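Peer 1: Take a look at the letters that make up each chain.
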Amino acid sequence: NAGVTQTPKFQVLKTGQSMTLQCAQDMNHEYMSWYRQDPGMGLRLIHYSVGAGITDQGEVPNGYNVSRSTTEDFPLRLLSAAPSQTSVYFCASSYWAGGPYEQYFGPGTRLTVT
Amino acid sequence: GQQVMQIPQYQHVQEGEDFTTYCNSSTTLSNIQWYKQRPGGHPVFLIQLVKSGEVKKQKRLTFQFGEAKKNSSLHITATQTTDVGTYFCAGPETSGSRLTFGEGTQLTVNP
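Listed in order, the protein sequences are those of chains A and B.
Each residue of the first sequence is one higher than the one before, counting from 4 in this note's numbering.
Each residue of the second sequence is one higher than the one before, counting from 34 in this note's numbering.
If you're looking for bench data, these hints aren't it; they were derived computationally from the structure.
Bear in mind that the values here come from a model prediction, so they are computed numbers and not experimental data.
Among the hints, erroneous ones may be present.
Within a straight-line C-alpha distance of at most 20 Å, the following computed SDA-like cross-link-like pairs (lysine to any residue) qualify [stated by the list, open to error]:
| id | chain 1 | residue 1 | chain 2 | residue 2 |
| --- | --- | --- | --- | --- |
| 1 | B | Lys89 | A | Arg47 |
| 2 | A | Lys12 | B | Arg71 |
| 3 | B | Lys69 | A | Pro86 |
| 4 | A | Lys12 | A | Tyr104 |
| 5 | B | Lys84 | A | Gly101 |
| 6 | B | Lys69 | A | Met44 |
| 7 | B | Lys103 | B | Arg71 |
| 8 | B | Lys103 | B | Gly49 |
| 9 | A | Lys12 | B | Gln70 |
| 10 | B | Lys69 | A | Arg47 |
| 11 | B | Lys103 | B | Tyr55 |
| 12 | A | Lys12 | B | Val77 |
| 13 | B | Lys103 | B | Thr60 |
| 14 | B | Lys69 | A | Tyr104 |
| 15 | B | Lys69 | A | Gly101 |
| 16 | B | Lys84 | A | Glu105 |
| 17 | B | Lys103 | A | Glu105 |
Excised from the complex, chain A in its bound form (with noise of 0.2 Å):
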């Protein structure tokens, strides 16, 4: 098993630029989710998703977008990059019952926005 991967590991956006961040996983998780770490800040939760077809907001959701169609993947979309975007952004996924258990988090992706 491959685990969460997480596509690319690094990514440089100027500012009104578009990207998607790509995460996937193999251990048929229901539930996924996005965080970013900021120094001294934590993780913090971006958007989460259930199953397949049902996202939700996080504590920090304005400027992304997700969508969840496949178990495997669950894909984040930046709309239109901003300097206040840089951070390491990581997937996670774990089984769903009831509630979020144990996280397999991805390698992460470092993101700088110019």
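Go by the hints and put chain B onto chain A.
Peer 2: Chain B only, in chain A's frame:
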């Protein structure tokens, strides 16, 4: 909304000293999870506690879940340089779907 707070934010210890990080939630949690993130890496799951008052041990690590299910602690006995990293607690609200992380405690160990 739910807030999960961790203290201290940073902790520097000499190798062999003990270390404790504390986690407090503004709401009752259905479970508490602990993760470790090595510098430059991604968070890795350590353990999950579900029951009120639960205590679990993993070698030199002891995890506790408070009676009210709103706080938790991680204690490391006799730290080693391999313990270096940031330790996060995380928990969903009871009947909640969101998993909220604390800000983490960054541990450095001087050999």
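Peer 1: Now, for every hint given, state plainly whether the structure supports it.
Peer 2: Here's how the hints hold up against the structure:
{"no.": "1", "hint": "B/Lys89 / A/Arg47", "in the structure": "violated, 27 Å"}
{"no.": "2", "hint": "A/Lys12 / B/Arg71", "in the structure": "holds, 17 Å"}
{"no.": "3", "hint": "B/Lys69 / A/Pro86", "in the structure": "violated, 28 Å"}
{"no.": "4", "hint": "A/Lys12 / A/Tyr104", "in the structure": "violated, 26 Å"}
{"no.": "5", "hint": "B/Lys84 / A/Gly101", "in the structure": "holds, 16 Å"}
{"no.": "6", "hint": "B/Lys69 / A/Met44", "in the structure": "holds, 15 Å"}
{"no.": "7", "hint": "B/Lys103 / B/Arg71", "in the structure": "violated, 26 Å"}
{"no.": "8", "hint": "B/Lys103 / B/Gly49", "in the structure": "violated, 30 Å"}
{"no.": "9", "hint": "A/Lys12 / B/Gln70", "in the structure": "holds, 17 Å"}
{"no.": "10", "hint": "B/Lys69 / A/Arg47", "in the structure": "holds, 16 Å"}
{"no.": "11", "hint": "B/Lys103 / B/Tyr55", "in the structure": "holds, 11 Å"}
{"no.": "12", "hint": "A/Lys12 / B/Val77", "in the structure": "holds, 18 Å"}
{"no.": "13", "hint": "B/Lys103 / B/Thr60", "in the structure": "holds, 6 Å"}
{"no.": "14", "hint": "B/Lys69 / A/Tyr104", "in the structure": "holds, 16 Å"}
{"no.": "15", "hint": "B/Lys69 / A/Gly101", "in the structure": "violated, 24 Å"}
{"no.": "16", "hint": "B/Lys84 / A/Glu105", "in the structure": "holds, 16 Å"}
{"no.": "17", "hint": "B/Lys103 / A/Glu105", "in the structure": "holds, 19 Å"}
This entry does not satisfy hints 1, 3, 4, 7, 8 and 15, going by the numbered hints stated previously.
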